[in-house]
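Protein chains: 2
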Amino acid sequence: MLQTTIETIVFKDDVLQMIDQRKIPLSFEHFECRDYRQVEYAIKEMVVRGAPAIGDAAGYGVYLAALEFESQDLESFKKNLLEACDFLEASRPTAVNLKWALVRMRKIIEAGGRNTEIVRRIKEEADSILKEDIETSLMISKNGAEVVPQGATILTHCNTGALAVSGYGTALGVIRQAHYDGKDIFVYADETRPRLQGGRLTAWELMQEKIPAKLIADSVAAILIRDGEIDLIIVGADRIAANGDTANKIGTFMLSALAKVYEVPFYIAAPISTIDVETETGEDIEIEERCAEEVTHIEGVCFAPEGIEVYNPAFDVTPWQNITGIITEKGILRPPYLEAIERVVKE
Amino acid sequence: MLQTTIETIVFKDDVLQMIDQRKIPLSFEHFECRDYRQVEYAIKEMVVRGAPAIGDAAGYGVYLAALEFESQDLESFKKNLLEACDFLEASRPTAVNLKWALVRMRKIIEAGGRNTEIVRRIKEEADSILKEDIETSLMISKNGAEVVPQGATILTHCNTGALAVSGYGTALGVIRQAHYDGKDIFVYADETRPRLQGGRLTAWELMQEKIPAKLIADSVAAILIRDGEIDLIIVGADRIAANGDTANKIGTFMLSALAKVYEVPFYIAAPISTIDVETETGEDIEIEERCAEEVTHIEGVCFAPEGIEVYNPAFDVTPWQNITGIITEKGILRPPYLEAIERVVKE
Numbered sequence: 141m142l143q144t145t146i147e148t149i150v151f152k153d154d155v156l157q158m159i160d161q162r163k164i165p166l167s168f169e170h171f172e173c174r175d176y177r178q179v180e181y182a183i184k185e186m187v188v189r190g191a192p193a194i195g196d197a198a199g200y201g202v203y204l205a206a207l208e209f210e211s212q213d214l215e216s217f218k219k220n221l222l223e224a225c226d227f228l229e230a231s232r233p234t235a236v237n238l239k240w241a242l243v244r245m246r247k248i249i250e251a252g253g254r255n256t257e258i259v260r261r262i263k264e265e266a267d268s269i270l271k272e273d274i275e276t277s278l279m280i281s282k283n284g285a286e287v288v289p290q291g292a293t294i295l296t297h298c299n300t301g302a303l304a305v306s307g308y309g310t311a312l313g314v315i316r317q318a319h320y321d322g323k324d325i326f327v328y329a330d331e332t333r334p335r336l337q338g339g340r341l342t343a344w345e346l347m348q349e350k351i352p353a354k355l356i357a358d359s360v361a362a363i364l365i366r367d368g369e370i371d372l373i374i375v376g377a378d379r380i381a382a383n384g385d386t387a388n389k390i391g392t393f394m395l396s397a398l399a400k401v402y403e404v405p406f407y408i409a410a411p412i413s414t415i416d417v418e419t420e421t422g423e424d425i426e427i428e429e430r431c432a433e434e435v436t437h438i439e440g441v442c443f444a445p446e447g448i449e450v451y452n453p454a455f456d457v458t459p460w461q462n463i464t465g466i467i468t469e470k471g472i473l474r475p476p477y478l479e480a481i482e483r484v485v486k487e
Numbered sequence: 141m142l143q144t145t146i147e148t149i150v151f152k153d154d155v156l157q158m159i160d161q162r163k164i165p166l167s168f169e170h171f172e173c174r175d176y177r178q179v180e181y182a183i184k185e186m187v188v189r190g191a192p193a194i195g196d197a198a199g200y201g202v203y204l205a206a207l208e209f210e211s212q213d214l215e216s217f218k219k220n221l222l223e224a225c226d227f228l229e230a231s232r233p234t235a236v237n238l239k240w241a242l243v244r245m246r247k248i249i250e251a252g253g254r255n256t257e258i259v260r261r262i263k264e265e266a267d268s269i270l271k272e273d274i275e276t277s278l279m280i281s282k283n284g285a286e287v288v289p290q291g292a293t294i295l296t297h298c299n300t301g302a303l304a305v306s307g308y309g310t311a312l313g314v315i316r317q318a319h320y321d322g323k324d325i326f327v328y329a330d331e332t333r334p335r336l337q338g339g340r341l342t343a344w345e346l347m348q349e350k351i352p353a354k355l356i357a358d359s360v361a362a363i364l365i366r367d368g369e370i371d372l373i374i375v376g377a378d379r380i381a382a383n384g385d386t387a388n389k390i391g392t393f394m395l396s397a398l399a400k401v402y403e404v405p406f407y408i409a410a411p412i413s414t415i416d417v418e419t420e421t422g423e424d425i426e427i428e429e430r431c432a433e434e435v436t437h438i439e440g441v442c443f444a445p446e447g448i449e450v451y452n453p454a455f456d457v458t459p460w461q462n463i464t465g466i467i468t469e470k471g472i473l474r475p476p477y478l479e480a481i482e483r484v485v486k487e
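Protein chains in written order, with this note's numbering: chain A, 141 to 487; chain B, 141 to 487.
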């Protein structure tokens with residue numbers, strides 16, 4: 141049975157409380173948002189990260205904006221609320237769940253009704269998004285079971301656990317399920333430079349769950365894949381295009397390319413909400429480039445020479461041809477993905 | 141014209157003075173060795189690193205031991221001196237230049253003569269190793285010119301510059317030469333986790349030489365290679381087997397495998413002394429596994445959860461089939477390497 145007591149996102153007494161993921165595992169602190177500007181800050185600065193969790197946070201961000209503007213006349217209320225949606229959407233460009241949550245919110249705002257009604261519906265929608273996220277990740281974890289053989293050694297990248305989805309996790313959810321199913325698995329976790337989500341967050345979740353695991357520098361994965369040490373690779377996604385091309389944390393493409401050469405199964409685990417059918421292929425996905433300090437500084441300490449230029453893309457795109465399957469809450473999609481995605485999105 | 145004022149290793153007044161490479165670029169400090177035990181410590185702790193520079197340091201380490209034991213009777217003197225060689229050789233297992241320098245020293249010790257004569261010859265040999273290292277790297281840099289096209293974008297890994305060879309560098313020597321030849325090159329430097337020799341040392345040398353460059357996380361290289369952004373890759377070597385299989389810093393294999401898929405030329409630059417004909421293939425190369433703290437701590441700060449297990453191999457082996465050419469002081473070797481190496485080593 142799945143268990144996790146990690147409450148990534150909690151909304152209570154009009155305060156959005158999130159585990160501050162910048163601090164884990166050195167300290168366990170909460171970050172509180174009392175208005176939508178703080179939510180935007182939390183997403184941009186990666187207090188909260190992981191595509192599904194960002195969507196959850198954005199939902200409550202809109203609700204906090206709705207409370208703030210509730211007493212205005214209807215026109216100003218709706219105008220300011222839609223502007224708050226735009227402001228939240230601009231916080232990070234690649235993860236599509238953010239956009240997806242805000243599309244749901246905009247629909248409610250535009251559907252009309254009185255201020256109080258809209259405020260109530262927005263709260264219900266934010267609660268739904270969070271609840272769906274938790275249920276969805278549970279389904280993903282269960283659906284992933286069929287691809288994990290007994291005794292499997294699994295390689296994963298970045299963090300796709302309870303911290304990323306306010307549920308059980310996507311890729312790490314599948315791993316967690318396999319562990320609780322008694323499959324005697326072993327996990328290699330890429331540290332995931334530059335933000336070290338693997339070394340900080342995934343390592344922390346694996347320790348919490350007592351799943352046998354080792355942490356590795358990202359470039360170690362190649363020799364493990366070559367030497368037949370890895371039975372399968374499972375990672376998450378930040379946006380999946382209509383043809384199955386998948387944007388995920390930088391380093392994912394490298395793993396997929398090596399997996400293809402050495403014939404290691406390579407799976408994406410993600411909710412349907414991560415699929416953006418309006419994005420035709422990976423070429424249409426905007427890749428966020430983040431600041432140089434993420435690379436040159438660690439824990440506030442600079443290790444690189446002053447003034448060195450840096451190229452720091454936060455994500456890369458894995459072509460659909462490199463993906464063995466996409467594990468969703470509605471089952472495992474198989475290539476060619478164009479048809480599989482069209483079918484599952486229509487359902 | 142090549143220029144470098146970086147004096148990685150200086151021996152003067154019976155003191156081996158080395159730039160402390162653990163401190164660069166945050167501070168520029170020297171580490172002084174007054175006996176061979178300190179030299180062993182400096183190699184093991186990576187005060188000095190880079191296969192050729194380690195060989196240079198070991199040579200003077202034996203000389204410091206010779207001074208220490210000089211007043212003993214001849215038998216004790218030789219016995220203690222040979223034990224000092226063994227002690228120094230055990231400091232790091234993969235780089236063959238260490239072994240190679242000590243083979244030269246043992247020959248002198250075993251050739252006989254009086255204590256004072258042996259001491260004198262050991263000093264001459266240590267000086268020769270250093271002098272040859274400087275000249276060799278200059279020749280490698282020049283020989284590499286033919287593989288660097290005008291306007292090339294070059295990817296490199298780890299540090300193979302003046303800091304690694306007490307000369308101009310091997311792979312970074314070729315890059316330096318291309319820059320001084322006015323080839324208008326651009327360099328991407330992998331940061332090279334876990335020890336960050338790229339982010340610390342290569343970035344520092346590139347800044348010193350004003351070579352246009354950007355620092356990247358190791359996993360970014362894959363998308364640059366795929367997208368045709370890289371014209372060639374040049375890296376160093378810690379040991380080259382008789383068949384051309386090459387042990388180098390962890391992450392090298394990953395680059396070579398991707399280079400093969402995307403048809404990007406992949407060169408090794410290394411002195412002939414890095415070739416170990418006694419090592420038949422890469423499978424016979426011992427790969428040093430270093431401590432977990434190298435991965436979990438940066439600048440003394442731990443970012444990973446306490447107790448997480450780590451797999452931290454310091455090197456990996458690139459098969460000869462992935463290597464376009466091996467740039468040496470005697471010219472560029474081309475596959476199949478078994479014959480090319482046999483020929484060049486016999487010369």
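Keep in mind that the hints are not guaranteed to be accurate.
For chains that are exact copies, the list does not tell them apart, and a pair is met inside one copy or across any two.
[To be verified] Straight-line C-alpha distance at most 25 Å; calculated DMTMM-like pairs for lysine to aspartate or glutamate:
no., residue 1, residue 2
1, K470, D371
2, K350, E449
3, K400, E223
4, K219, E482
5, K263, E423
6, K282, E482
7, K354, E429
8, K400, E423
9, K350, E210
10, K323, D367
11, K354, E185
Hints are computed from structural coordinates only; laboratory data are not their basis.
For this session: Since the copies are identical, ignore which copy is meant and state whether K470 and D371 lie within 25 Å (CA to CA) inside a copy, between copies, both or neither.
Result: Classified as within; 24 Å inside a copy, 43 Å across copies.
For this session: Can you give me the call for K263 and E423, within, between, both or neither, at a CA distance of at most 25 Å?
Result: This pair counts as neither: shortest intra-copy Cα distance 35 Å, inter-copy 61 Å.
For this session: With 25 Å as the alpha-carbon cut-off, assign the pair K400 and E423 to within, between, both or neither.
Result: both (20 Å within a copy, 23 Å between copies)
Problem set entry | K219 and E482: within-copy, between-copy, both or neither at 25 Å Cα | neither (34 Å within a copy, 78 Å between copies)
Exercise. Quick one: K323 to D367, C-alpha cut-off 25 Å, is that within a copy, between copies, both, or neither?
Worked result: within (22 Å within a copy, 39 Å between copies)
Exercise. Is it within, between, both, or neither for K354 and E185, if the alpha carbons may be no more than 25 Å apart?
Worked result: For K354 and E185, only the inter-copy Cα distance (23 Å) is at most 25 Å; the intra-copy one is 28 Å.
For this session: At 25 Å max between alpha carbons, let me know whether K282 reaches E482 within a copy, between copies, both or neither.
Result: within (23 Å within a copy, 57 Å between copies)
Exercise. How would you label the pair K350, E210 (within, between, both, or neither) given a Cα cut-off of 25 Å?
Worked result: Neither. Shortest intra-copy (47 Å) and inter-copy (57 Å) distances fail the 25 Å Cα cut-off.
Exercise. Given a CA cutoff of 25 Å, do K400 and E223 count as a within-copy pair, a between-copy pair, both, or neither?
Worked result: neither (44 Å within a copy, 49 Å between copies)
For this session: Go through the copies and call it for K354 and E429: within, between, both or neither, with a Cα cutoff of 25 Å.
Result: Between copies only: 14 Å across chains, 29 Å inside a chain, cut-off 25 Å.
Exercise. For K350 vs E449, is the C-alpha pair at or below 25 Å within one copy, between two copies, both, or neither?
Worked result: Classified as between: cross-chain Cα gap 12 Å, same-chain 40 Å, threshold 25 Å.
Hints 3, 4, 5, 9, counting from the list given before, are not met by this structure.
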